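Chains as they are written, first to last, in UniProt numbering: chain A, 1 to 417; chain B, 1 to 560.
Hints were generated in silico from the structure; no laboratory data involved.
Values in this document were obtained by computation on a predicted structure and should not be read as measured data.
Idealized CB from N, CA, C, for every residue including glycine.
One or more of the hints may lead you astray.
Listed next, the in silico DSS-like pairs over lysine-lysine satisfying Cα-Cα at most 25 Å (straight line) [stated by the list, open to error]:
1) B/Lys87 <-> A/Lys69
2) A/Lys402 <-> B/Lys87
3) B/Lys326 <-> A/Lys405
4) A/Lys155 <-> A/Lys25
5) B/Lys153 <-> A/Lys232
6) A/Lys232 <-> B/Lys326
7) B/Lys542 <-> A/Lys391
8) B/Lys153 <-> A/Lys257
9) A/Lys25 <-> B/Lys542
10) B/Lys87 <-> A/Lys59
11) B/Lys542 <-> A/Lys23
12) B/Lys197 <-> A/Lys232
13) A/Lys229 <-> B/Lys326
14) A/Lys414 <-> B/Lys326
15) A/Lys68 <-> B/Lys87
16) B/Lys87 <-> A/Lys155
17) A/Lys160 <-> B/Lys153
Reference listing, derived: stretches of chain A covered by chain B, where coverage requires no fewer than 3 residues with Cβ under 8 Å from a Cβ of chain B [said to hold, decoys possible]:
18) 85-92
19) 124-137
20) 299-305
The lines below spell out each chain.
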Amino acid sequence: MDAVCTFCGNVCDDVEFDVNTQKGKRFCALGLAKFREKERIKSPMVDGKEVSYEEAIEKAAEILVSSKKPLLYGWASTVNEAIRYGVILTEKVRGVYDQCASVCHAPGTLAVIEEGIPGGSLGAIKNRADVVIFWGSNPLEAHPRHPTRYSVMAKGFLIKDRKDRKVIVVDVRKTKSAKMADKFVQIKPGYDYAIISALRALVKGEDIEANEVGGVPKEELAELADIMKNAKYGVILYGLGVTQSRGRDRNIENAVKLIQLLNRYARWIIWPMRGHYNVVGAGEVPAWEVGYQYAIDFSRGYPRFSPAEFSAVEMLLRKDCDAMLVVSSDPAAHFPRRAVEHMKNIPVIQIDPFPNMTTLLSNVIIPSAVAGIEAEGWAYRMDGIPVRVKKLVDSPYWSDEKILKEMLRIVEEKLEG
Amino acid sequence: MLWIKNGIVIDPKNKIDGEKMDIFIKDGKIVDESEVNKDECRVIDANNKLVVAGGVEMHAHIAGSKINVGRTMRPEEMRIVRHTANKLRASIGRVLLTSPAIGYEYAKIGYTTAVEAASPPIGSPHTHEELDAIPIVDKAMLPVFGNWHFVFKYVAEKDREKLKAFIAWAIERTKGYGVKVVNPGGVEAWMYGGNVKNLEDEVPNWGVTPKEIITELVKSNEELDLPHSVHLHCNNLGNPGNYQTTIETMKLVSGLANEKRQTLHVTHVQFNAYAGSSWRDVASGAEEIAKVVNSMDNITIDMGQAIFGHATAMTGDAPFQFTLHKLTGSRWVNKDSEIEGGAGIVPIAYLPKNPVHALQWAIGLELGLLVDSDKVVLTTDYPNGGPFTEYPYVMAMLMSRKMREKELERVSPYVQKATSLPAIEVEKTLYDVIQMTRSLPARVMGMENKGHLGIGADADVAIYSINPDDVDPAAQYELINSEFRKPVYTIKGGEIVVKDGAVVAESWGRTFWVDARKKVSLDSIDEDLNSFFNSYYTIQRKNYGIQEEWLRNPVRVEVN
Ligand code: SF4
Ligand SMILES: [Zn+2]
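All chains, full assembly: derive it from the sequences and hints.
In structure tokens form, the structure reads like this:
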């Protein structure tokens, strides 16, 4: 059956999956593993006891309504329809909405606030880009089909052949992706900012005094600046190597300035390699509903954005939330230990198809249908292009959308009542 | 059932100018008195009040990736709280509003229909998701065609039948309402760092010119007989001297006729009405443009009025946005979109003392005043020229020379020599501004049941505390400016949504889309679609676009 993969930010829409035989076509290993049957949360549960969906949702609504400041977190691995109910639910209970980006690509959002983002869609890269730079990103391991579908081997309007394109990998270690590149530039960890600054100077035609920057000899930097300046249409695809290394949002900001400058000589764009299949939707939906992408507090009845205050880890470290709803995410496995400590002390509600570390400390567990297999809806690919993920099979599990819609309904009833 | 009693009605479509009348509403429609049982009607006392159709916004950027990136880039825009959550949603935003805020704020000035004026076709599901999140108003959206490779191909091949088939296919797939064109050819040239300057410039790799693209799209649009004409954002936007390009463009359609509507709508003309050769000697070209528009019976325009204060430039005109970024040094978003076009976003603030900004402000007004009231629609090209919430200000300015004189005192003296605004004596009437905000935009869009109060019209009504019989808008401009901001009632589809200037109920409007598939042979382009999707797209053809049932409340408008 025609399917759309709901694992990584590529959201490949050319895959096929047969639910009966569990066989897939055109998937990468990561995507296929997600689609193949694996252990599921069997039933809704409240305090370790199996209950009906209705009872679990009722209990969850009760927790949300009676808490002073609930944190509603996750969202990157579900569809927009569910996220929208989640955002409205957060507003109703005057809680805090935060999503996975706050622990990965949020620095990119901060850079957008400072400098904007001169970007383009993946199709623009496929059709036009003759220079592709992966900076701190490792597509072969994180987005395995990115090179073939969009960026390296992909052929398009101006790019007829792999030879029409120069691929450069900039990273602190020689990754798998580095091996497919025409050029690998190894940099010292934490020197992204300095290197980008040096490139800005070189592109402008200025000299730099140092003989090497961040482990890269001046000649090599000059060569890179030259390639950039002489590109017809270039792209920097950056990853967590840039956002999570020293400098964080300043790195991206500086890279955007480099792109602004380059556009005075050639066409260049820059774009983040986003991880989960709908992490973009988890930011877009709240942006249109309430004005911001993440770290949004509603305790005053209107949305306020403050990353250092209202992002999930900070909230938990400050013990500033007294309940938590986790949707399609596993903070217990990824958050700092002290943050997880607080999760153990407050009621936690989980909505997820699969058991994970967070399940172990959740008081209310609500299993959901797997979007892309058992439920449909909109997801936004890493470049913001909408793709409708499909429902291939009926299942007894409720979709995230249905669960959250019902939870919102009951919450509204309780608030009015 | 509603009975609006004793109101003073202005309804330009039905040539009613200040008549004391009763209006009856049943099942979301305006009906004849005989259709209702008066005892069962809720009566609204409109004695001494102005009763008009709900406003029709025909060109604003209210949904989709552009405005949403704008919100993300500008948290400073989002710090104005308009409404705290209660039974309605919280709503925030200074000029860039959240989706709930957009619906509420339109209703709060008596508007009940709004058209998103530019959607990247591949991003149309996003546009619809946002439109679906806007409460109250009825909606539609226009996908952009002017830089789409399919269009270049069929124009180059001079194959109008295929171009028509493609338009019908694309509008159906995007659930769009008509053909939007932005800087035809120029955005493709931007993929190579360039732009097109005039109508004869060739588009790189395609050998077609803006002139050919516009002409072929207009002719195809007319042969398809779509409800709306081609909706054109001209080439050369934002550049001194561009008024000539605009006039040449308008002349491309001379000789074409359509008895129901214009054959070309040229949008936000203020941005395309500059004389001079550089920013040093830039001046207004509005008078010349107004002459041309008034002399042609198949052209309409909208103002694109600049409002002093904050705004955000966002258009599909990606090369212009880069120019603006260089000019202002401001933040810059660019989005090259597959083989369909591009877009850009740049924050901007219009300052009264800045000569160029004052000029833009003056040119918008010149167009509004000098062009006949049945040819110019009131817009700010939200959020490009400023917030739509300032429409009452523009209405008052058009009606009062005294108000203009007062405003002129606070703007750069540059407008005195570079525009004719100070000398313009025209004072539009209430009838004129109601036409420019209701009946005309509805006619321009081909929305027959909008913009008027005749039998069968949608029951979209605004009632204002303005008594046409004894108000003198030229003198009482302050009253005009304040009362149009707080309708006594806004009624949407027969439901009272605003009372005394406050939103009292959240309803959900419909989304109109046009289906012209019966008029073409889709088979004729099947192979081309397959080949383009296989070669150039990153989405499978079968996954492209949006199904009707995925929209919240769709209305299919079939063209036969
Ligand atoms: S690249 Fe990503 S979206 Fe594509 S099949 Fe692999 S995991 Fe799925
Ligand atoms: Zn516009």
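List, from low to high, the hint numbers that the structure doesn't satisfy. 3, 8, 14 and 16
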